[in-house]
Amino acid sequence: MEHTDVARTVKEAIIREASFDMNAAELDELSRFGEDIRVDSITFIRIVISVEEELDVETPDDALMQTQFKTVADLIEFFVGVVEEQHT
Amino acid sequence: MGRIVSPSKVEVPHKWFNILTALNFDIPVNLPPERSSDGVSVQLPIELVRQTVTKKRWVDIPAAVRAAYEKWRPTPLLRAEALEKYLDTPARIYYKNEGVNVSGSHKLNTAIAQAYYYHRAGVRRLVTATGAGQWGTAVAVACAMFGLECGVRMVGTSFHSKPYRRTMMELYGAEVSPSPDPITKAGRQFLANHDPDSGNMALAIAESLEDTTRDGFTRFCIGSGELYSILHQTIIGLEVKGQLSMLGEEADVIIGSLGAGSNFGGIAAPYIADNIENGKKVRCLSVEPSACPKLTRGEYRYDFTDSSGLTPMEKMYTLGHHFATPDIHAGGLRYHATSKLISALYHYGLVEAIAVPQTDVFASGALFLRTEGFLPAPESAHAVHGAVLEAIAARVDGIPRTIVINLSGHGYFDLAAYQSWHDGTMVDINVTDDEIRKSLSQIPDVKCIL
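In the order they appear, the protein sequences are chains F and D.
So in our numbering, spot 79 of the first sequence is number 79, and the numbers just go up one at a time.
So in our numbering, spot 393 of the second sequence is number 393, and the numbers just go up one at a time.
Since the hints were made in silico from the structure, they are not lab data.
All residues carry an ideal CB built from backbone N, CA and C; glycine is no exception.
Any given hint could turn out to be false.
[Claimed, not checked] So, partial list: chain D residues that the calculated Cβ filter (under 10 Å) puts toward chain F:
| # | residue |
| --- | --- |
| 1 | Pro33 |
| 2 | Asp38 |
| 3 | Val42 |
| 4 | Leu48 |
| 5 | Val53 |
| 6 | Tyr117 |
| 7 | Arg120 |
Only chain D is shown next, with the shape it has when bound in the complex (with noise of 0.2 Å):
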């Protein structure tokens, strides 16, 4: 098991990081949506807007959601020691393991601040989409926290894979559908033209949009993304360096698994702004699915964020809001596109990306139950893969390195899926140019919209 550095000696922070006052460039702003006779009505709380425009450094992090923060926070940093010994590797290898919450992740972090802004703001229900169930889980935990009811749309694949997720979803109170559900428009739509398994996230927040519909206190939350739940996250990455600090130590690598963005951006962006500002030369590396390739084969434009091409145009790497994500165990992964924040750190070569195929990463999964005596969830195992593979090339170059991996999430849920790994039925998904092609033509030319 791995070495805990003193967490009680590490305070949780009463601030969030606001990584945009670091950057030497602007975010590109959203395109207008479509023409509507319907007026304009605000979804989201009006806080959760200030603090993408803030020019503030630091955002306070209310009390009631830092007294929740603090059931469990500060999250254990460990060192790696037996999967170092392992690798026989001069690295030496940190994991923030984001897993000890009751809802199994990181996602818990941002879904308390969120469900509390929404109830300030009179929201009576939240609705929202979860793949792998994390985020699900995560909403359904925070909206019991505030009285708020849960309405989740979970991805088909792990809404049948994963039947506990939505156990625990429910005894907190939530709603559950799988999505596709033939009762959405989106989702007919689908069905008359996709295999059933196919469906992704992109698809699942396109039905639960239509879900907000039902009345005027439902309104939909998203996990990942959007810039105020990266700025939650980098409690994470805040965290780490005051852990860090504490053993004299410095980070060389930060590695977080790549979806939509929230747990790579939240861990990596204290570091990134000391790269941009005090010269430092911290490597914050992104992993991916070669299945989901977005960041290191998808390209760097506007794009819609869900499928049904209702949500406002964003710029950011994608592999077109109507890919097919292939049917790969990290369902937290499947979505076809990654934030604008992280596409354009990527863009500007601030961060670094890799992907990797799916049976390496239960590879390196099942390797770190063995060594650490924890299971990652399919999601992190990504990360862990990625830090084995530097511990690897550091033992190849005799270079020594420090890398931190955020452990974005514990894996009981999924044991399923390492099962299969373990039986041998585990298949990589290869995503061919041409599929990737057709799925980036469907995208509508930037110019014909404006």
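So here's chain F without its partners, still in its complex pose (with noise of 0.2 Å):
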């Protein structure tokens, strides 16, 4: 799967699930949560879970406790990296 369709679904599942209106093109990968994107906890780990479901993995539990995402960047980065590995 290429980097592009990886960050296109994490947009959309941001717009989706924080009801931006806008498309994945306008949303700025270097937006910040927090800043930015106003979301709680439960509200990012179901952006989270959409993805998932979307690009068909399953983000180990204790990856995601770890990690504290600044940018939409981040969290693209780390499905990036949870698709290289449940997919290879």
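Join these two chains into a complex; the hints should help.
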């Protein structure tokens, strides 16, 4: 799976769960969680679950718990790693 | 003593029941939190959130959790024949005794599940807040099961009036502190403007959340109100259905006390689903303290779930997150709001609510002890009192009914409270409309936040 596919899936999940009125191309990967994207922990996990379902991967619980996500790009890179590990 | 319905013939369920799949409306989403420069970190195991978003009707209970449940489940369903005779009622009264595990209450059902998932997610320490101490005890027990450290903040009045609850927690290795605590920011802010004895669950939660910043391996867990905690408690309602079915009985009224909603939601959920999907007419009655009347006198609006104003705003029946909860003996019901699920169910007319004064509650608790030989916790005695009122109504109108009480916990750590009732020194606390109005006025306007 290409990096761009993962990126689009992550952005679409954020837009859907955070109820943003925009499309994936308009969401800047440098957008910051907490500042630009105000979501609580539960909504953030709902974003993760949504991406998991789209990408057909499962996020290890302990990996997620120990990671701080500052930007959309951080979440994209996280899933790029998960996809590489689980789809190869 | 009550007659036990053969519990050994009913299996411990293998799955929890997801009531969300039966609802014909959506639970309102939480509002976004305040802006923060800290990014976002995951505070919950992902599996707990999966349980709140799944479209599956049934959620598997993990083998390790079910094995733990089997140590004391299924819990007994007993017929309160002596109580029925005393009340001279045509009603048949059953009670589901959730006070028979080591922690003394139903809270252990979700504490074990949560500790399991947090442990699997690499968490090393759980911190939490407790009112009367039942939740704190349950978390201490569950943490010990899975090798987790445990920190508990206990509402101050209960910390001092129920020292042996603290002993139980400490025997299981928990570190227990009173709330308010001047070492926390939330505690200092509270003490600057309030009497130390007027602390409540909202404040204890705020202080516990501060405890999570100690290191990267500590997380906060909550005992009631969250969708997943109510899901875990459906084990109660599922067992009740099976046990009543063995007797050829069907419930007419299900009764539970109401704090944040998990014991009531847990016993009522399968029945609410039946009402919606199969046209049944089982009444699901919640009983709250008249000193903390969130459903009967609160407003259905967005509010914070703790007193700090830092948690997400949820749409709930609330008295306001700064509501100064009166010092009632049922510490576990001293919460300014109830869960968004129970709130929505009440809003749509799917559950009922009454508010009752504590002297009446303890009178019914003492009556239950004398007739059935079991002392209910002050929280559970609210449900007992609700059943007494229903039984009397049945006598008055001559219409029999089958009543099922969720006896959510035992009261053997609460004898000081019962002594107060017995000695005539217990008083009922009236909350005025002005007090509620003033508290509600302190909730931020949602439009200003978005």
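Here's how the hints hold up against the structure:
no., hint, verdict
1, Pro33, "5 Å, holds"
2, Asp38, "6 Å, holds"
3, Val42, "5 Å, holds"
4, Leu48, "8 Å, holds"
5, Val53, "6 Å, holds"
6, Tyr117, "7 Å, holds"
7, Arg120, "6 Å, holds"
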